[in-house]
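Could you put the whole structure together from the sequences, leaning on the hints where they help?
In order, the protein sequence lines correspond to chains A and B. Using my numbering, the first residue of the first sequence is number 1, and each one after it goes up by one. Using my numbering, the first residue of the second sequence is number 1, and each one after it goes up by one.
In short, the hints are calculated from the structure, not lab data. These numbers were taken from a predicted model, which means no experiment stands behind them. The hints are all genuine.
Selected chain B positions facing chain A (Cβ under 10 Å, derived; list incomplete):
| # | residue |
| --- | --- |
| 1 | Asp18 |
| 2 | Leu103 |
| 3 | Ala107 |
| 4 | Ala112 |
All residues carry an ideal CB built from backbone N, CA and C; glycine is no exception.
2 protein chains.
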Amino acid sequence: MERFERVIAEKLNQELADVHPLISGAVKYSVLSGGKRLRPHLVYEFCRMCGGRFDDADSAAVAIELIQSYSLIHDDLPCMDDDDMRRGKASCHAVYGEAVALLAGDALGSLAASVITNDKNLSDAQKVRIIAIINNLSGIRGMIGGQVLDMIYGESNNPYRLIKGLGEPPCPTAGDIERMYILKTGALLSAACQCGCICGDENVAEETLADANTYAENLGLAYQITDDILDVEGDENLLGKPLGSDSDNGKLTYLRFCSIDAAKARCEQLSLEAIAVLQRYPDNEQLIDITKKLLDRQK
Amino acid sequence: MERFERVIAEKLNQELADVHPLISGAVKYSVLSGGKRLRPHLVYEFCRMCGGRFDDADSAAVAIELIQSYSLIHDDLPCMDDDDMRRGKASCHAVYGEAVALLAGDALGSLAASVITNDKNLSDAQKVRIIAIINNLSGIRGMIGGQVLDMIYGESNNPYRLIKGLGEPPCPTAGDIERMYILKTGALLSAACQCGCICGDENVAEETLADANTYAENLGLAYQITDDILDVEGDENLLGKPLGSDSDNGKLTYLRFCSIDAAKARCEQLSLEAIAVLQRYPDNEQLIDITKKLLDRQK
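Below, the structure is given as structure tokens:
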């Protein structure tokens, strides 16, 4: 989306004027390095579905992408996934060092809130609801909660194995993994969809927000299970990484609990449930199209 | 303040219900481990000075202390100050590991916003102003900006020395150090004072907020310079650390630029300026008392 790339670059430039080039460089390096921009796309489309214009959705779209960027910077740090590459480029800490990367991630969290509070199109009531949703769903009961579960269910970097006195690590079930995926990925997708609704209609019904949440949770879960399937039977060239790298890295995946055919059937079911939610709303073609493409992807 | 300890424990328990005990444990371990609680104290006193009740200030006081806690957890991480001790106890990452400490810090940032958005005493307009101030002053143009400057002015952990291609590290002046101290410490103190004003009076004048900011910047700067003086001629037993540890750790201090007498004179001047601001307001005895005690401390 050309519009979004222009808007996010403009807002970053405004917020980072007068900031030391080392940290503004690290922030821009991470935020303006592409990516699918799925979350902004969802903000805009749910805004439109609720009767709003793209202008109304700009700041929420940017804020949520900044949160996504901060989570990727922190995820890549040596104490987390220890990943020196991100989207085919050196990751933030590989270029700027761990300390600057840590602070760049921290800074993005507060920039996201500033982008919302500084917006002139939104009412105070909209701002408060948007900030509440973003923080709730990116926080300890959402995305961060999912990252914690991912760590304590995995083999590598498991705090139960690293730290004495924590006791035995938990033994997750397939349901626990689904819950972890919904928190880790579905929660921020849900923030995107719900904030889009609020941007589009200040008085949007709670029922619509609940529908947006159901859609996003199904999408997020199907997205993560699709990732697990691609890690087993995808195309290495399209994926840009060797097959089996998740299980080699000690990550617990959904396929520990069921056959690949059962995982595909689960994705199909989730995808139908997600689309069923959309079909209750007008002007849904774009969203249905995004949903199908995401779950039918090869990388 | 007994009241504050009760309020922050209650709010944390509410926000952390249903959260995995590993991460809620890490959060509570860090937040409920004491400290001077200076920032909450300032929120309450500025609220009172502007005509409000303590009830009105509870959530802003908690939010700002959560931000302070997150910054301490991240500051102590191995890639930052690499400090295994905090207030005489093992620091968060020393107990829970780096990854959990990183996520606990991240979680505190969003919890701070949630505490404000969930408050039933504040209007939407107050919430937006409070969130804007906290994020602006704890972010890249405030506290985090100060931490970046601290790093690039110091000897150890300086990204200019660690990362190739960044060029020569800057050579700071005494004015640069003052600016860094104001950002690193004054900014969050300013958030505390300004948010206190907004909690106390929804329609507080911009001039009052500017006064609160001037007071806090003077206090923060004097506080940091006092730290530098104590590091040279304090009492090791009261400080709980050996004299000279800052310069031994490659930290740049104010005393690189002037004599200890000149530093004391600068503190005296800043303290008088801070108190002069307070004297324009009624019911200022408590605040004047706090200010004098802080700058006359032995540890």
